[in-house]
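So the chains spell out like this:
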Amino acid sequence: MINSLFLISHSGDIFLEKHWKSVISRSVCDYFLEAKEKSGDPENVAPVLQTPHHYLISIYRGKLFFLSVTQTEVPPLFVIEFLHRVADTFQDYFGDCSEVVIKENTVTVYELLEEMLDNGFPLATESNVLKEMIRPPTILRSVVNTLTGGSNVGGTLPTGQLSNVPWRRAGVKYTNNEAYFDVIEEIDAILDKSGTTVFAEIQGVVEACVKLTGMPDLTLSFMNPRLLDDVSFHPCVRFKRWESERVLSFIPPDGNFRLMSYHVSSQNLVAIPVYVKQNISFLETGSCGRLDITIGPKQTMGKTVENLTVTIPMPKSVLSVNLTATQGTYTFDLTTKAVLWDVGKLNPQKLPNLRGSISIQTGAPKPEENPSINIDLKIQQLAISGLKVSRLDMYGEKYKPFKGVKYVTKAGKFQVRT
Amino acid sequence: MTDSKYFTTTKKGEIFELKAELNSDKKEKKKEAVKKVIASMTVGKDVSALFPDVVNCMQTDNLELKKLVYLYLMNYAKSQPDMAIMAVNTFVKDCEDPNPLIRALAVRTMGCIRVDKITEYLCEPLRKCLKDEDPYVRKTAAVCVAKLHDINAQLVEDQGFLDTLKDLISDSNPMVVANAVAALSEIAESHPNSNLLDLNPQTINKLLTALNECTEWGQIFILDCLANYTPRDDRESQSICERVTPRLSHANSAVVLSAVKVLMKFMEMLPKDLDYYGTLLKKLAPPLVTLLSAEPELQYVALRNINLIVQRRPEILKHEMKVFFVKYNDPIYVKLEKLDIMIRLASQANIAQVLAELKEYATEVDVDFVRKAVRAIGRCAIKVEQSAERCVSTLLDLIQTKVNYVVQEAIVVIKDIFRKYPNKYESVIATLCENLDSLDEPEARAAMIWIVGEYAERIDNADELLESFLEGFHDESTQVQLQLLTAIVKLFLKKPTETQELVQQVLSLATQDSDNPDLRDRGYIYWRLLSTDPVAAKEVVLAEKPLISEETDLIEPTLLEELICHIGTLASVYHKPPSAFVEGSRGVQHKRLPGSAGSGETVESPDTGSAAGVSDAPPAVIPSQGDLLGDLLNLDLTPPATTGPPPPATSGMQLGAMDLLGGGLDSLMGAGFGAPSAAPAASFSAPVSGGLDDLFDLGGGVGMPMGAYSPPKTVWLPATKGKGLEISGTFARRAGVIQMEMTLTNKAMSVMTDFAIQFNRNSFGLAPAGPLQVLTPLSPNQSIEVSLPLNTVGPVMKMDPLNNLQVAVKNNIDVFYFSCQYPISMLFVEDGKMERQVFLATWKDISNDNEAQFQIKDCHLNAASNKLQGSNIFTIAKRTVDGQDMLYQSTKLSNGIWVLAELRVQTGNPTFTVSLAQQTVRSNHCSD
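Residue numbers (numbering that gives the first Met the number 0), protein chains in the order written: chain A, 0 to 417; chain B, 0 to 927.
Treat the hints with caution; some may be incorrect.
[Unchecked claim] Residues from chain B that keep clear of chain A, each with C-beta distances beyond 12 Å, as calculated:
id	residue
1	51
2	157
3	161
4	162
5	229
6	276
7	327
8	425
9	437
10	710
11	770
12	780
13	834
[Unchecked claim] Straight-line alpha carbon distances no greater than 20 Å define the calculated PhoX-like cross-link-like pairs of lysine-lysine that follow:
id	chain 1	residue 1	chain 2	residue 2
14	B	371	B	326
15	B	321	A	192
16	B	321	B	371
17	B	116	A	20
18	A	192	B	326
19	A	239	B	281
20	A	20	B	44
21	A	405	A	210
No lab work stands behind these hints: they were computed from the structure.
Here a beta-carbon is modelled for each residue, glycine too, at the ideal position from N, C-alpha and C.
Take these sequences, add in the hints, and give me the full structure.
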């Protein structure tokens, strides 16, 4: 199982280590740093590395590497999942997961790591349970603690640890009882030069924010559950009920959590909200090129496309661009060579257009590769797959909660080839 | 409140200051001080000097302070074992605390203190905690048993903790069950043969019940444990599958993949005509696709596993091609894996789509990825026959781009396409020849030369092209040299009149001026072939080659079966069996898929398609494209089927060949064998039947044994275990080369071919120095003597006994494993004679701990010294003391360890006393 964890900064500085079995010298990280050096971009470091005596499994989150060391055969997915959980917990506790924040809270970080893993086996990874054992730092609490000599560590056994609902603590109380659900869908798509869809799918999640007193038992049902053939649930969801009745029945954790994620596959028809008319070309001679992009709405179900941005990573030999945008502003990043066009709201009457010339280093050959265009956008009050929540019922408690559902569609990895 | 302030005190007296604060009366100050200490510890500073002061803070009712002190203890107890004892009392007391949290914390921490003295005190509290009324304490205690086992395995067995742990599998709380399973699995890993996890239908039922209720991590442990179970029949198999399927919808990808493993394995037992079988197949696709939308690291592991799954059961994902399309911002490691799977899924139905994608990828920025994409186009051509033409034209388009690495890669794959579809696409050769000058990579040059040689009759200026390569012959890599030699010989056989000079030139370059034994061997063979019987030469060299097929890229079926059993583990990421890389898995356990029961049909029923069929009849696969000896060996293995009238040979060719015999061979013999030191005994000593015998005999005679002792052959692999293959063998050291001498006997009814050998890691890094050379098929009841040269540069792992060697031998029937022991004397190297002075000094330096004494009975003095010398044990000095002869000897092992010996001989008494001393601390049992 997991022997040790090293936190390594973007620049290769090992700033924290934790061992759950015998201590492993940090020189083991040299193998990793070497691989990092070789791959150039930190995102390209292979997540599983083998050294003569250890295996290094790492993730890259928030410009930090979480590197775990194991000595025996372990399921790597288990380790990777756990590392992401560690990063999530830091995010949850400190509001950010960066070197500065972790250094500021080392002792809490250390306490957390000790609580999350025992002898390499995960112990408590549910944020609810952890928060009962180690309270997140707040200014108020630290003031109170200094005055009273109290501590940040819970003195009693967390109730959730062993019950059948380990994700929920007992004795939750709220004056305003509310349950909000956000249906968020991301479109991953590849469109080819002519605008034909090469590949498209929808990744959806239902994020919940439930603040309800006591032990509520919720039932969430959909208008069109047939859409969902590929789903994964939070452990609280009763799978049997879903199998037989296609409703989500669960006792929710307290606070924010991801109730379910789903995937509408490429076989179903996926609506593409915008079309892109583009022409990027480089001349054989004269070290320059032309760019002309127009974006228009396609299948938006009558909603407005907002926060539209277009990113074009240009070839390395491009020196500068001289463009005019009919709407929004554009920037050209000299180091990454990326053109970023912030369009804003898409107006169907007056389509936004970006055009102009590109200049290339003199003497450099005509670039081989064609840049792809990345689109980012947002559509409020629409789940593009057509998924709709029909009702939410609560059993087990007497009060009337306030309920709300929100839909939003975003572009995920949405790219247009040129 | 932030902790960064703890890092700011980097003054000189930091430790001193902390010491004062730790001993302060104020609780709050104490806690702050411990925090500072922990903060220093986390960044790797040494604060072990504060041990007694920190331990003093342990007696407290403040839980946070207690936890912090425990944290410190775990880190430093090992370096201060005597101090750590001070903490024991508090631990034992805490284990009785009314608060279960504290009981659990104490037993948890005690297990993390890796000090022998403390572990003794741990036993009693641990025993109590394992039976604690609170499940939280029990589950913590279960893990503690695994910790203790890691520190002192014997103690755990003696105290009976293993049995208590087994009982916990039946615990009422699912979390306790999950942790007990996890602990047992970890312990079992270091005891491969112990039957710790005794799985029977009752325990399986308990595990399945716990599976539904425990945490995600517990589910992973339980699923991994379930995967080791072999159901009794297809009914049981189905019922387990039914209860595991809901896990496929879990949000944790590790749970999903572990569930996939269980299902993939148990599916083997289900009859294919069962409705449920089809349902299950359908259920497996969506979760696998979902894994690909996760973080890139998870995607990578998932893709490596999917690669195995599509090879075993291509039907699961055959409609999901599009999810493997590469996005330009995928990390490179994800891109390469996706590409691999795209090819595996390519079929006639989707080939157009795949090709369009691949062509798109070939214009990307990343060189590695582009290369692999080009190569993938070639693999598609080989896999899907209908697409070959389209692939070739795509490749030609790419060659037109003139991007150097694209062109080179394209030429390499076009060569493969020619091998698959001979006489079909030769029209493109002209285009290829245009790019001859731009090729600078050996593989591409070799491929181009092969093409020129193979189609010499259609290329007008083939001789000029090849001659141009010949100019820099010695600067080329071996691959290119070998290919050039073969190509020119082919050219000569096709156009004998114009190229006689060229062939003489290349043969003499290969045989006389080269240091490379492979090249020389091949040169000799061609030379002799051409000079003795040009007609036969033509038949051999220009024989029809077996077609290559896409199976070349598939994982070998037995390995694939084993890897399927390891889905989700490191083995599945590396695509290697765990025995090949996991340290500490001492006994090599090979997992196998269960056979299908019930309907009585075998796994290889026709409807399972190609993947299952592979394991039945191995196709004629050429080992690998880059294999240097590849085509030569295949020529030997597959003589032309038609033994009828030989192809008409022109008189000109006859003449040319005779001339060769007269002019070339004599001088060749003189030069080649006149210098025995250069002749490689190793590569020649394999006995080969047929017309090449005498050639090898000439070589085999050079540098033969000087009298090293070699034990008689013993049977290593009995025919009953080897499916008819019997292997007996021994080891010998000849002219400084370790030889593994084996007799392979075929006691089965069918012919055996395709022999290969591999060693597991071993104590001295023994590894085959070359492939196992069994050139002729082994017919029933035939024996063959094989001598395999070994080197000592392989991976090292300490074995028990030290000289144990685990060997895997493969043939067309199966892979067989056996182990044998080599005499240590074989490792004694020739330069093991020590200078007298050095000997004296070293002898004194070695501590008594590294010395051992033996008695040898019934030996004769005169013979002894000589015999030892023969085995590379050298006598340094001899003296007589008190009527005893003392012989001082030295020897050196292949890994550089010196062993010094003092041999005491009482005159007239045939009993010798040997004192052995050894320079390094590694303990070796060494006797002669």
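- Which numbered conditions among the earlier hints are violated in the structure presented, ordered from lowest to highest? 7
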